[in-house]
Amino acid sequence: MSTLLQVVEACGIIAFACSGFVEARRKDMDLVGVFIVAFVTAFGGGTLRDMLLDRRPLFWVEHQEYAILVFVLALLAGPFLPHLRSAVAEKTIVVADALGLGLFSAVGTSLALEAQMPVFICVMMGVTTGIFGGVLRDVLCNEIPMVFRREQLYATCSLLGCAVYMVLEWLDMTSAVALISSILVTSVLRLLAVKMNWRLPG
Amino acid sequence: MSTLLQVVEACGIIAFACSGFVEARRKDMDLVGVFIVAFVTAFGGGTLRDMLLDRRPLFWVEHQEYAILVFVLALLAGPFLPHLRSAVAEKTIVVADALGLGLFSAVGTSLALEAQMPVFICVMMGVTTGIFGGVLRDVLCNEIPMVFRREQLYATCSLLGCAVYMVLEWLDMTSAVALISSILVTSVLRLLAVKMNWRLPG
Amino acid sequence: MSTLLQVVEACGIIAFACSGFVEARRKDMDLVGVFIVAFVTAFGGGTLRDMLLDRRPLFWVEHQEYAILVFVLALLAGPFLPHLRSAVAEKTIVVADALGLGLFSAVGTSLALEAQMPVFICVMMGVTTGIFGGVLRDVLCNEIPMVFRREQLYATCSLLGCAVYMVLEWLDMTSAVALISSILVTSVLRLLAVKMNWRLPG
Chain B
1 MSTLLQVVEA CGIIAFACSG FVEARRKDMD LVGVFIVAFV TAFGGGTLRD
51 MLLDRRPLFW VEHQEYAILV FVLALLAGPF LPHLRSAVAE KTIVVADALG
101 LGLFSAVGTS LALEAQMPVF ICVMMGVTTG IFGGVLRDVL CNEIPMVFRR
151 EQLYATCSLL GCAVYMVLEW LDMTSAVALI SSILVTSVLR LLAVKMNWRL
201 PG
Chain A
1 MSTLLQVVEA CGIIAFACSG FVEARRKDMD LVGVFIVAFV TAFGGGTLRD
51 MLLDRRPLFW VEHQEYAILV FVLALLAGPF LPHLRSAVAE KTIVVADALG
101 LGLFSAVGTS LALEAQMPVF ICVMMGVTTG IFGGVLRDVL CNEIPMVFRR
151 EQLYATCSLL GCAVYMVLEW LDMTSAVALI SSILVTSVLR LLAVKMNWRL
201 PG
Chain E
1 MSTLLQVVEA CGIIAFACSG FVEARRKDMD LVGVFIVAFV TAFGGGTLRD
51 MLLDRRPLFW VEHQEYAILV FVLALLAGPF LPHLRSAVAE KTIVVADALG
101 LGLFSAVGTS LALEAQMPVF ICVMMGVTTG IFGGVLRDVL CNEIPMVFRR
151 EQLYATCSLL GCAVYMVLEW LDMTSAVALI SSILVTSVLR LLAVKMNWRL
201 PG
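Residue numbers (UniProt numbering), protein chains in the order written: chain B, 1 to 202; chain A, 1 to 202; chain E, 1 to 202.
Worth flagging that the hints you see were computed from the coordinates, not collected in a lab. Incorrect hints may have been included.
[Said to hold, decoys possible] Straight-line alpha carbon distances no greater than 25 Å define the calculated SDA-like cross-link-like pairs of lysine to any residue that follow:
1) E:Lys27 to A:Glu143
2) A:Lys27 to B:Pro201
3) A:Lys27 to B:Val194
4) E:Lys27 to A:Asn142
5) B:Lys27 to E:Val188
6) A:Lys27 to B:Ile180
7) B:Lys27 to E:Pro201
8) E:Lys27 to A:Arg150
9) A:Lys27 to B:Ala193
10) B:Lys27 to E:Glu151
11) A:Lys27 to B:Arg150
12) A:Lys27 to B:Val22
13) B:Lys27 to E:Glu143
14) A:Lys27 to E:Val139
15) A:Lys27 to E:Asp28
16) E:Lys27 to A:Val22
17) E:Lys27 to A:Pro201
18) B:Lys27 to A:Asn142
19) B:Lys27 to A:Val22
20) E:Lys27 to A:Met146
[Unchecked claim] Computed from the model, here is a short list of chain B residues facing chain A with C-beta under 7 Å:
21) Asp54
22) Pro57
23) Phe59
24) Ile144
25) Arg150
26) Ala155
27) Met196
28) Trp198
29) Leu200
Here the structure is a predicted model, which is why all the values come from computation and not from measurement. For each residue, glycine too, the CB sits at the ideal point set by N, CA and C.
Next up, chain B with everything else stripped away, as it sits in the complex (with noise of 0.2 Å):
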């Protein structure tokens, strides 16, 4: 279980750096910007919770070896994106990148709840670890971010899945029952909203 969990991580972050490596070579960034925007796409989100919540250590300098990856990742991202192109790894992205969100949303939700934190306050963190690391990497790049544009639902379904998890807790459900069936709402609404074409209103 936590085994799965390690893998679940690790296949979210790929993903979110992915995103990252694709938008700064979009805008003809050097490595160094690739490097960066890769890593603030990947980590940004829980960095942001931790220093809201004041946590520390940060999960990636506890985990060195998570910013070594996304560092190694910049270097072949170079020679090796462009074969990435084709629909099969789009799709793989998609499906890793609904994972990520939901993995995100649902432990930054449960990190609050240890914090003692106010049952909006939970699901707001939630929310933040799961979509502001690709906020940031929009700022990074200029363009506003692609969570608030019209586009398929991303930040609602995070939502929906923090929801769950508060629902859960105060069900007194075990943190392992909230924490996977959070990720599976997140993550399936997301392949949902991508699949249906759903979007918010103004």
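Please build the complex by placing chains A and E on the supplied structure of chain B, with the hints as guidance.
Chains A and E only, in chain B's frame:
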């Protein structure tokens, strides 16, 4: 007196959130974008100050009712905002925004003083509390921050109000006198600047 | 030796602030904008590092004289900046900026090492200290950060200087030797990169 300040505070938060709504709608954002931009406008300055001073818990974490208020307002902003575009509504928002700027700046200065910061830093923390919500709003909306452009005086009013706070404290006035005077100086200067079209040189 | 470092530090802060002045004036900002952009350029990198490492008090809070210096320079920048645009002034700023980059990077690495961070994180903290002031300057000015674009090597010089610091520490050299060598490596590489027009691939 304390009730009066709470009323001013609520007015300020609503006015700041409204400027977030207007900006987010101008960029054609969806509900998620509208909420986050409004939230960041209302609480960004105080949050940055608290992170710089290492104060916890954050204001909106302790008072989740304000975060919920902004969320509810964001839900209502979609259908109701277009009707708010009358001259009366715009004037009301300018006044409430000036009051909010005055209160946030004065409170920021007083909290920095409490944390025993040096004089110049206390003033900077007051100005940061007052204006950085708007700076972050404009960064998220992909604009050069309004307060940096040659618009009618805004940050300068906050700076003078914070300086008045420090002078009155140094003269051993009570905190209540310093707070009220500082709020009045900032707010009145801001309203005069709008009325008389005062601008800074480059 | 300690006096020498303080001189280098002051040079670096002034050079970083100058790059903020130039950018803010190019965007036609008023005095408030010029001051805040210069301040963020000069102290943003170190502040971000301290917030990530949870170090307090912040450098510019402890040394408010530097914040006041930037404020006074911002007041002078309006009338005097246009006269500074000579070739001599521009070369002086490039040299001072290279020294500042070297010093800030080396100090950032050494503080992270003191906080017992892992190796890769120490290097990242050094680079963050050196370059993030400029990144935040460009974000506030609504530009894609200069260090992410394919300009002459900048972050890469800082990265190599920080790596040299770590190697010398690992070889049990004194901190002074590591610091001076690291500053020299970064600064000389940066000046060579400008001279020889070295750039990174995409």
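Results of checking the hints against the structure:
Taking the CA atoms of Lys27 of chain E and Glu143 of chain A, the gap is near 12 Å; set against the 25 Å cutoff, the hint holds. Using a Cα cut-off of 25 Å, the hinted pair Lys27 of chain A and Pro201 of chain B holds, with the two alpha carbons roughly 14 Å apart. For a cut-off of 25 Å, the pair hint linking Lys27 of chain A to Val194 of chain B stands: about 23 Å separates their Cα positions. With a C-alpha separation of about 14 Å, the suggested pair Lys27 of chain E and Asn142 of chain A falls inside the 25 Å cut-off, and the hint holds.
At most 25 Å may separate the alpha-carbon atoms for a hinted pair to count; Lys27 of chain B and Val188 of chain E exceed this at roughly 29 Å. With a CA separation close to 36 Å, the supplied pair Lys27 of chain A and Ile180 of chain B exceeds the 25 Å bound. Distance check on the hinted pair: Lys27 of chain B and Pro201 of chain E sit about 14 Å apart at the alpha-carbon level, within 25 Å; holds. A hinted pair counts as satisfied when its Cα atoms are at most 25 Å apart, and Lys27 of chain E with Arg150 of chain A qualifies at roughly 10 Å.
Restraint check: the Cα-Cα separation between Lys27 of chain A and Ala193 of chain B comes to about 22 Å, which is no more than 25 Å; the hinted pair holds. As the CA atoms of Lys27 of chain B and Glu151 of chain E are separated by approximately 13 Å, the hinted pair is consistent with the 25 Å bound. Using a Cα cut-off of 25 Å, the hinted pair Lys27 of chain A and Arg150 of chain B holds, with the two alpha carbons roughly 10 Å apart. Restraint check: the Cα-Cα separation between Lys27 of chain A and Val22 of chain B comes to about 24 Å, which is no more than 25 Å; the hinted pair holds.
For the proposed pair Lys27 of chain B and Glu143 of chain E, the alpha carbon gap of about 12 Å is at most 25 Å, so the pair holds. Pair hint Lys27 of chain A plus Val139 of chain E holds up; C-alpha atoms about 18 Å apart against a cutoff of 25 Å. Our distance criterion of 25 Å between C-alpha atoms is met by Lys27 of chain A and Asp28 of chain E, whose separation comes to about 23 Å. A threshold of 25 Å between alpha carbons decides the hint, and for Lys27 of chain E with Val22 of chain A the separation of about 24 Å falls inside it, so the pair holds.
For the hint pairing Lys27 of chain E with Pro201 of chain A, the CA-to-CA distance comes to about 14 Å; that is within 25 Å, so the pair holds. Pair hint Lys27 of chain B plus Asn142 of chain A holds up; C-alpha atoms about 16 Å apart against a cutoff of 25 Å. As the CA atoms of Lys27 of chain B and Val22 of chain A are separated by approximately 29 Å, the hinted pair breaks the 25 Å bound. The hinted pair formed by Lys27 of chain E and Met146 of chain A meets the criterion: a straight-line CA distance of about 12 Å does not exceed 25 Å.
With its C-beta approaching chain A no nearer than about 5 Å, Asp54 of chain B sits inside the 7 Å limit, and its interface hint holds. A cut of 7 Å between beta carbons decides the hint on Pro57 of chain B: the least distance to chain A is about 16 Å, and the hint is violated. Interface hint status for Phe59 of chain B: violated, as the beta-carbon distance to the closest one in chain A is roughly 18 Å, over 7 Å. Here the hint on Ile144 of chain B is kept, as its CB sits about 5 Å from the closest CB of chain A, short of 7 Å.
The closest approach between the C-beta of Arg150 of chain B and any C-beta of chain A is roughly 5 Å, which is under the 7 Å cut-off, so the hint is satisfied. The beta carbon of Ala155 of chain B comes within 4 Å of a beta carbon in chain A, closer than 7 Å, and the hint placing it at the interface holds. The criterion of a C-beta within 7 Å of any C-beta in chain A is not met by Met196 of chain B, whose closest approach is roughly 16 Å, and the hint is violated. A cut of 7 Å between beta carbons decides the hint on Trp198 of chain B: the least distance to chain A is about 11 Å, and the hint is violated.
A distance limit of 7 Å between C-beta atoms decides the matter here; for Leu200 of chain B the minimum to chain A is near 4 Å, and the interface restraint holds.
Consistency note: the structure conflicts with the earlier hints numbered 5, 6, 19, 22, 23, 27 and 28.
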